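J.: Okay, here's what each chain looks like letter by letter:
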Amino acid sequence: MLAHSQDSLKRTPLHSLHVSLGGKMVPFAGYDMPVQYPAGVLKEHLHTRTQAGLFDVSHMGQLRLLPKSGRIEDAARALERLVPQDIVAIAKGRQRYAQFTNADGGILDDLMVANFGDHLFLVVNAACKEQDEAHLRANLSDDCVIDSLADRALIALQGPKAEAVLAKFCAAAPAMKFMDAGPHEVAGIKCFVSRSGYTGEDGFEISVPDSDAERLARMLLDNPDVLPIGLGARDSLRLEAGLCLYGHDIETATTPVEAALEWSVQKSRRSGGARAGGFPGAEKILAHFDNGASRRRVGLLAESRAPVREGALLFADSAGGEPVGKVTSGGFGPSLSAPVAMGYVPVSLSALGTKLFAEVRGQRLPLVVAAMPFVKNTYKR
Amino acid sequence: MTTTLYTSDHEWLAIDGDTATVGITDYAQQQLGDVVFVELPKVGRSLKKAEAAAVVESVKAASDVYAPITGEVLETNEALAAEPALINSDAQGAAWFFKIKIANKSELGGLMDEAAYKAHTA
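So the protein lines, in turn, are chains A and F.
Residues in the first sequence are numbered consecutively from 1, following full-length UniProt numbering.
Residues in the second sequence are numbered consecutively from 1, following full-length UniProt numbering.
Misleading hints may appear alongside valid ones.
Just a sample of chain A residues kept apart from chain F, beta carbon distances all over 10 Å, derived [stated by the list, open to error]:
1. Ala-91
2. Asn-125
3. Met-179
4. Glu-185
5. His-248
6. Gly-272
7. Gly-277
8. Asp-317
9. Ser-318
10. Val-369
11. Ala-370
12. Asn-377
The calculated SDA-like cross-link candidates involving lysine to any residue, where the alpha carbons are at most 25 Å apart (straight line), are [as the list claims (entries may be wrong)]:
13. F/Lys-42 with A/Arg-364
14. A/Lys-267 with A/Asn-139
15. A/Lys-326 with F/Ala-62
Chain A side only, calculated, beta carbon under 8 Å to chain F, not exhaustive [said to hold, decoys possible]:
16. Ser-236
17. Arg-305
18. Arg-309
What the hints contain is simulated information worked out from the structure, not anything from laboratory work.
If you're wondering where the values come from, they're calculated on a predicted model, not measured in any experiment.
Ideal placement from N, C-alpha and C gives every residue a C-beta, glycine not left out.
Bound conformation, chain A alone (with noise of 0.2 Å):
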C-alpha cells in the first residue's frame, strides 16, 4: 500500500528540507517528493485555499529560448511550429498557458511560456521535460538556442495570503497581475517571478537558483500563515480548479478541443486567424474548432459521498448498456466537501445537468456534469 523512497531517486534542493519538516517521501516523475507533512492533505489543502501554502516544484523543468537572430519576434514565431498558441502576441512580462501537440492533434505536454525580453522562459512537466527539450532541439536549433536550467528550483507560493508573505521580499510583488512573469529579486536573490499557480487561488511562481533554493523557501516557512504543502494537495487543489493533469485528463490521444481548452488557442491561429495552423495537428485540431469534436472533457460532481475515482467508467443509465466515458481525474474536493471528478463523455452527455452514472465497486453512483473550477477562482486580473 505505501510506497517506498527508492535510492535511484532524484532530489529536489528542497529534499531535506522535506525531510526535517516531517514530510512523507514518494517517488512521483522520478523524484523523492512530499506527498504530505504532518498536517495532513486535508488541512494542508485548505490552508491553501484561507492562508498561504508553500509548494516545491522543483522537478518541472524550466528551460529558455534564445533567438540566434537577437529577436525575440523569431524565438515566438519558432515556438509557434510546436504550439497552437500565439507566442508572438505574448507581451514582454507576460505569461500564456501552451500545449505542445503531435501529428494527430492529441498533446505532448502542457507548459507555461513567458515573454522575458530578449527569450522566451518555458516551464514543463517533470515527467515529459527530457522529452520536450529533446522536441525542442529537434524542431528549433536553427532558430533558437535552447538553454536547459536544470541548476533552478521552483517554488510555487499559494493562497489569499501569498502577495502579503511575498512583498515583504520582494517589492514588485504586488503590482503584478495574473499572468506577470519577470525577473525579480526576492529577498537581494536573481528570481523568475510569475503570478500563478495551480491550485485556483492567486500566488506566486519562483524560479531560484539551487544554491539558494533551501534559504529562500525557509524564510517564506517562516511566515506563521505559510504551510508546506505536499503533491496530495496539490492534487486535490488543482482538482476543484478543473486544471488538467498531464497524463490523466490530457494526453497523446486528446486534442485541446476535447480537453475543453479552446480559451487557450488565440484566434490568429485558429481557421482565418493571421497565422492559422502551422502546428503539429493543426488539421484535425481545427477541423474540432470547425466542426465540434465528438467527446469532452467535463466536470462531475456525485450525489452520494463516495469518491468517483481516476478510471472510473462512465454511464447514460443505472443499469445496463454500455460505457459511454471514463473518469481522468477523481477524488474527494475537501473545499466542497464532497467528491469531484473529471472526465471524458460524448458531446451529446457533456450539457451542464446532464445525469451520468460512474461504476464504483460494481455499483452505478448518480453523478451530474457540473461547470468547473467547482471552486471559483481567485486571480488577481
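On the provided structure of chain A, position chain F as indicated by the hints.
T.: Relative to the frame of chain A, chain F by itself:
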C-alpha cells in the same frame, strides 16, 4: 471481559463471547491520512475470512478492509458512515466498523495479541 486481537492487515477485533467488533488500527489510520468516506457491509451479510468487507477512502486513495474472520454481520456503525473522520480521531474506539458473529473460533488462533501487533508495526 473483552480481548482485543489484531490482523497483519491492521484490523482490530474486540472479542466478547461469540461476537467480534471490528475496526482498523490507529497505525492504519495514520498511514491512510484524512478519511473522507467509509462503506460498511450490509447487516445480515455472511462474510468469509479475507473477503473485502468494507471500504475506507482517504483524500488520496481507496482501501479495502478485509473480513478478519468468517461470520455474519450483526450490526454496523452508522455514526461512522455519517462521520468518517472519526477514524482519524478514535480509530480503536468510536470508529468501529461492524460487529460479526464468530462462526469458527479456531480462526482466532491465527490473530495477534497487542504485543505481537506492536512488534509487527515496529
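J.: Hints broken by the structure, by number, lowest first?
T.: none
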